[in-house]
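*Asks:* First to last, the sequence lines map onto chains R and F.
Using our numbering, read the first sequence as starting at 3 and increasing by one per residue.
Using our numbering, read the second sequence as starting at 3 and increasing by one per residue.
Please keep in mind that the hints were generated in silico from the structure rather than gathered at the bench.
Check the hints yourself; a few may be wrong.
When chains are identical, the list treats them as one kind, so a pair holds in a single copy or across two.
Result set (DSSO-like, lysine-lysine): computed pairs, CA atoms no more than 27 angstroms apart in a straight line [stated by the list, open to error]: (1) Lys266 / Lys130; (2) Lys94 / Lys258; (3) Lys159 / Lys94; (4) Lys266 / Lys159; (5) Lys94 / Lys46; (6) Lys258 / Lys130; (7) Lys46 / Lys130; (8) Lys159 / Lys258.
2 protein chains.
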Amino acid sequence: MAYRPELSAASAVLTREVEVLDERGRASIIAIPAERPLTVYVDKRELVTLMTLGGAPEALTLGYLRNQRLVRSLDDIVSVHVDWDVDAVAVKTRHGIADVEERTSKKVVTTGCGQGSVFGGLMDDVDKIRLPDAARLHQSTLYGIVDTIRTHQSIYKQAGSVHGCALFSARGELLYFVEDVGRHNAVDAIAGLMWLEGMDGADKIFYTTGRLTSEMVIKGAQMGIPFLLSRSGTTQMGHMVAERIGMTLLARCTGKHFLLLTGKERLVFAPELAEVLRYA
Amino acid sequence: MAYRPELSAASAVLTREVEVLDERGRASIIAIPAERPLTVYVDKRELVTLMTLGGAPEALTLGYLRNQRLVRSLDDIVSVHVDWDVDAVAVKTRHGIADVEERTSKKVVTTGCGQGSVFGGLMDDVDKIRLPDAARLHQSTLYGIVDTIRTHQSIYKQAGSVHGCALFSARGELLYFVEDVGRHNAVDAIAGLMWLEGMDGADKIFYTTGRLTSEMVIKGAQMGIPFLLSRSGTTQMGHMVAERIGMTLLARCTGKHFLLLTGKERLVFAPELAEVLRYA
Chain R
3 MAYRPELSAA SAVLTREVEV LDERGRASII AIPAERPLTV YVDKRELVTL
53 MTLGGAPEAL TLGYLRNQRL VRSLDDIVSV HVDWDVDAVA VKTRHGIADV
103 EERTSKKVVT TGCGQGSVFG GLMDDVDKIR LPDAARLHQS TLYGIVDTIR
153 THQSIYKQAG SVHGCALFSA RGELLYFVED VGRHNAVDAI AGLMWLEGMD
203 GADKIFYTTG RLTSEMVIKG AQMGIPFLLS RSGTTQMGHM VAERIGMTLL
253 ARCTGKHFLL LTGKERLVFA PELAEVLRYA
Chain F
3 MAYRPELSAA SAVLTREVEV LDERGRASII AIPAERPLTV YVDKRELVTL
53 MTLGGAPEAL TLGYLRNQRL VRSLDDIVSV HVDWDVDAVA VKTRHGIADV
103 EERTSKKVVT TGCGQGSVFG GLMDDVDKIR LPDAARLHQS TLYGIVDTIR
153 THQSIYKQAG SVHGCALFSA RGELLYFVED VGRHNAVDAI AGLMWLEGMD
203 GADKIFYTTG RLTSEMVIKG AQMGIPFLLS RSGTTQMGHM VAERIGMTLL
253 ARCTGKHFLL LTGKERLVFA PELAEVLRYA
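Next up, chain R with everything else stripped away, as it sits in the complex (with noise of 0.2 angstroms):
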């Protein structure tokens, strides 16, 4: 069996309700998504401040260390312990971050919905990521997932004002949903489920409720994952990015529609529902 960290089970209250106002000022309660913040100690030493919706702690905190390459592997990681009482997750490795001064100083502020702030040097990387050139999405597939992600159960239904990340199998199973109030929380949640696991990226299918950006690109080819998908658009770095490093990106999923962005080839066009869509 893989190693796995100790880790706490510290999924908070994920709504607050509140009393508003309407337009005719009736009074009535409504859901709002919880907002919490989360300081990042590593080995006692305060690293960072998540704000987050709280409902899967452990595995952003994992995550975050993941894509900001700050711990290269699960088995540096002893144990995460998420306290709510103080708002505050410790973190202990086996052999400490090497220069952890210098690789946090650079900061790039990105444009991310959510999280946005990366440590400097994301970039760096990128041209040495390499996606698997022959993975395959069927549209039928593509539709499987958009109609699942439609149905979930989820915060963003009972409470709006999140963003929602999963990652599907190539057969289109729902494998991780996770909602945050940044989306860089929630892709970094499901790296560090990932990790977790020990879960390659090379036949996955990830999608996000988000936009497109240059973050998320780069976030999902940390992964190995080939497939980006998201109901919102994208930017031009997202597109260039993506483009670079052969990643294939689908933007305006919704219903049986979408765009088809980058890494077209690896989208296989199903001729049957050509014809069904031409009279739809």
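Fit chain F to the given chain R structure using the hints.
*Replies:* This is chain F only, laid out in the frame that chain R set:
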């Protein structure tokens, strides 16, 4: 006349065309928003890299320095020069930024749809902020604002995937409208424009297409603006901070609908409109 630093006027091309395939395999050309790095140098020292649409880079830089409280007065800024050939902006100050190392070392990675990273300590000053109790927003003015945004020319309508922020006078006149790939950039750019004009926020109304997270509420409060409107929702921290500082938050503002969340006494419900709405 008020002091004004020397500024470049380096607005960039805001969209790019890319070829896409739709669900029937048909090729077409769509516009996507530009996204480019802008590295801020203050007195030749690298401070941060902002990912931006590039429409108002000088105002963005000024607003960033203002909202991060790195520069307290516009008088301290000698010049702001953007050079897209090197994706950089050079800021010259009169006296430098005191304790810049220390003041930019604490990271809070926030939830915002957009820029997202604030240097720590933003919350520290929150309790000192006083917003004008007597300010009022009439329901009909609110509807006028929502309608102005709806009909305004925008990159969003052309290319999607950007957030917009706008500043309105108490009578509902549009003063500024800024879009950016990160909504925090759009807020910061408006803060920069207000700074340049010596404009007070006490009798203004702020509109954003993005969610009302804690960071948005804090930035609005720093500009002294009592009203924050959004077509999106809010989060627990956004709601909590707004309640604490007495800001009026209005979420889900579309058409004739809205949800009044906090600072409820400042909204003037119009009985005649309520009557119209009853039959709408």
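*Asks:* Please sort Lys94 with Lys258 into within, between, both or neither, judging by C-alpha distance up to 27 angstroms.
*Replies:* neither (46 angstroms within a copy, 53 angstroms between copies)
*Asks:* How would you label the pair Lys266, Lys130 (within, between, both, or neither) given a Cα cut-off of 27 angstroms?
*Replies:* within (21 angstroms within a copy, 54 angstroms between copies)
*Asks:* Give the relationship of Lys159 and Lys94 under a CA distance limit of 27 angstroms: within one copy only, between copies only, both, or neither.
*Replies:* neither (36 angstroms within a copy, 48 angstroms between copies)
*Asks:* State whether the alpha carbon distance between Lys159 and Lys258 is at most 27 angstroms within one copy, between copies, both, or neither.
*Replies:* Classified as both: same-chain Cα gap 21 angstroms, cross-chain 22 angstroms, threshold 27 angstroms.
*Asks:* Between copies, within a copy, both or neither: which fits Lys266 and Lys159 at Cα up to 27 angstroms?
*Replies:* For Lys266 and Lys159, only the inter-copy Cα distance (26 angstroms) is at most 27 angstroms; the intra-copy one is 32 angstroms.
*Asks:* Please work out whether the CA atoms of Lys258 and Lys130 approach to 27 angstroms or closer within one copy, between two copies, in both situations, or in neither?
*Replies:* neither (35 angstroms within a copy, 52 angstroms between copies)
*Asks:* For Lys94 and Lys46, with the copy left unspecified, which applies at a CA distance of at most 27 angstroms: within, between, both, or neither?
*Replies:* within (8 angstroms within a copy, 38 angstroms between copies)
*Asks:* At most 27 angstroms between C-alpha atoms: does Lys46 with Lys130 qualify within a copy, between copies, both, or neither?
*Replies:* neither (33 angstroms within a copy, 32 angstroms between copies)
Figure legend: structure checked against the earlier numbered hints; hints not met, in rising order: 2, 3, 6, 7.
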